[in-house]
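S.K.: Residues in the sequence shown are numbered consecutively from 1, following this note's numbering.
Treat the hints as calculated values from the structure; they're not laboratory data.
We put the beta carbon where it would ideally sit given N, CA and C, even for glycine.
Keep in mind that a hint or two might mislead.
[What the hints assert, rightly or not] Simulated crosslink set (SDA-like; lysine to any residue; CA at most 25 Å straight-line):
| id | residue 1 | residue 2 |
| --- | --- | --- |
| 1 | K137 | V159 |
| 2 | K137 | R79 |
| 3 | K111 | V153 |
| 4 | K36 | V159 |
[Said to hold, decoys possible] Pair by pair, the computed Cβ-Cβ distance ranges are:
| id | residue 1 | residue 2 | range |
| --- | --- | --- | --- |
| 5 | V170 | T64 | 22 to 28 Å |
| 6 | A10 | T98 | 42 to 48 Å |
| 7 | A10 | P91 | 18 to 24 Å |
| 8 | G50 | T195 | 28 to 34 Å |
| 9 | A92 | N197 | 17 to 23 Å |
| 10 | L2 | D100 | 37 to 43 Å |
| 11 | P65 | D161 | 36 to 42 Å |
| 12 | M9 | R93 | 33 to 39 Å |
| 13 | Q3 | K199 | 27 to 33 Å |
| 14 | D100 | S6 | 42 to 48 Å |
| 15 | S37 | H7 | 20 to 26 Å |
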Amino acid sequence: HLQCLSHTMARPPLVSPVDMTAGHSDWLITFDDGGKSFLHPIADLLEDQGWRGWFFITTGRINTPGFMTTSELKSLAARGHVIGSHSVTHPARFSALTPDQLLAEWQDSRKRLQDWLGLPIETASVPGGFYSLAVAKSASAAGVQVLFNSEPVSGVSKVADCQIVGRYTVYRGMTAQAAVGLLTSPVARWRQMATWNAKKLLKKVAAKPYRFVRERLLQAAYRERS
1 HLQCLSHTMA RPPLVSPVDM TAGHSDWLIT FDDGGKSFLH PIADLLEDQG
51 WRGWFFITTG RINTPGFMTT SELKSLAARG HVIGSHSVTH PARFSALTPD
101 QLLAEWQDSR KRLQDWLGLP IETASVPGGF YSLAVAKSAS AAGVQVLFNS
151 EPVSGVSKVA DCQIVGRYTV YRGMTAQAAV GLLTSPVARW RQMATWNAKK
201 LLKKVAAKPY RFVRERLLQA AYRERS
């Protein structure tokens, strides 16, 4: 997949939280949660291409089975990758938290990362894709400058002092050509957006069954990592 991307895209992935509303044609690669695979093999494979990635960390899971240790996290940052927050506890439905709970998740996770790394933490991603205006406002209040959600859109919006950036997902089993298509083909992006909107509707009308199945799949994935 990375080789196919490198042969297609003229520019390497963006690794600086610059003003994303400027209309440039940069792209980036992001990863959520903080599993051990972040360092090996993901960072290794990116660096083989001369690239760096954006890694969002659920801080409450650091130093637990299947996830990175603080020393591994420090190594990832030292190697030039962008580190951001993915909350402290990764609640099952992040947008259902109270404003105070949302603020605490962002503030505490940023503080832990800054204490561990000695670096400013200005970026974050929304756990589980459960985004709302309250989520964005709390992130801005906590000092997050760039917040990624899971909505497959190319445009960038702004809430208070925080830029809101959508993301397209490379799923397990997706071909390299299909992954490149998300960058080069408006039709491919439209298809993923249509699928995402259908899933969003499912989350609303069948929230409990959806979360039950999702949590079981995540638990199985974490067991596989460990």
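S.K.: Could you run down the list of hints and mark each one as holding or not?
M.R.: Against the structure, the hints come out as follows:
Under the criterion of a C-alpha separation no larger than 25 Å, the hint pairing K137 with V159 is consistent with the structure, at around 6 Å. For the given pair, K137 sits about 31 Å from R79 by alpha-carbon distance, which is inconsistent with the 25 Å threshold. The straight-line distance between the Cα atoms of K111 and V153 is roughly 30 Å, outside the 25 Å bound, and the hint therefore fails. For the given pair, K36 sits about 33 Å from V159 by alpha-carbon distance, which is inconsistent with the 25 Å threshold.
Checked against the hint of 22 to 28 Å, the C-beta distance between V170 and T64 comes to roughly 26 Å, which is consistent with it. The supplied range of 42 to 48 Å is met by A10 and T98, whose beta-carbon atoms lie about 45 Å from each other. In this structure the hint that A10 and P91 lie 18 to 24 Å apart at CB is violated, the actual value being about 40 Å. Separated by about 32 Å at the C-beta atoms, G50 and T195 satisfy the suggested range of 28 to 34 Å.
Checking the proposed 17 to 23 Å range against A92 and N197 shows it holds: the Cβ atoms sit about 21 Å from each other. Distance hint check for L2 and D100: the Cβ-Cβ separation is about 41 Å, which falls inside the suggested range of 37 to 43 Å. In this structure the supplied range 36 to 42 Å holds for P65 paired with D161, their Cβ-Cβ distance being about 37 Å. For the pair M9 and R93, the supplied restraint of 33 to 39 Å holds, since their beta-carbon distance comes to about 35 Å.
Distance hint check for Q3 and K199: the Cβ-Cβ separation is about 30 Å, which falls inside the suggested range of 27 to 33 Å. Between D100 and S6 the Cβ separation comes to about 45 Å, which falls inside the hinted range of 42 to 48 Å. Our hint of 20 to 26 Å for S37 and H7 holds, since their Cβ atoms are close to 24 Å apart.
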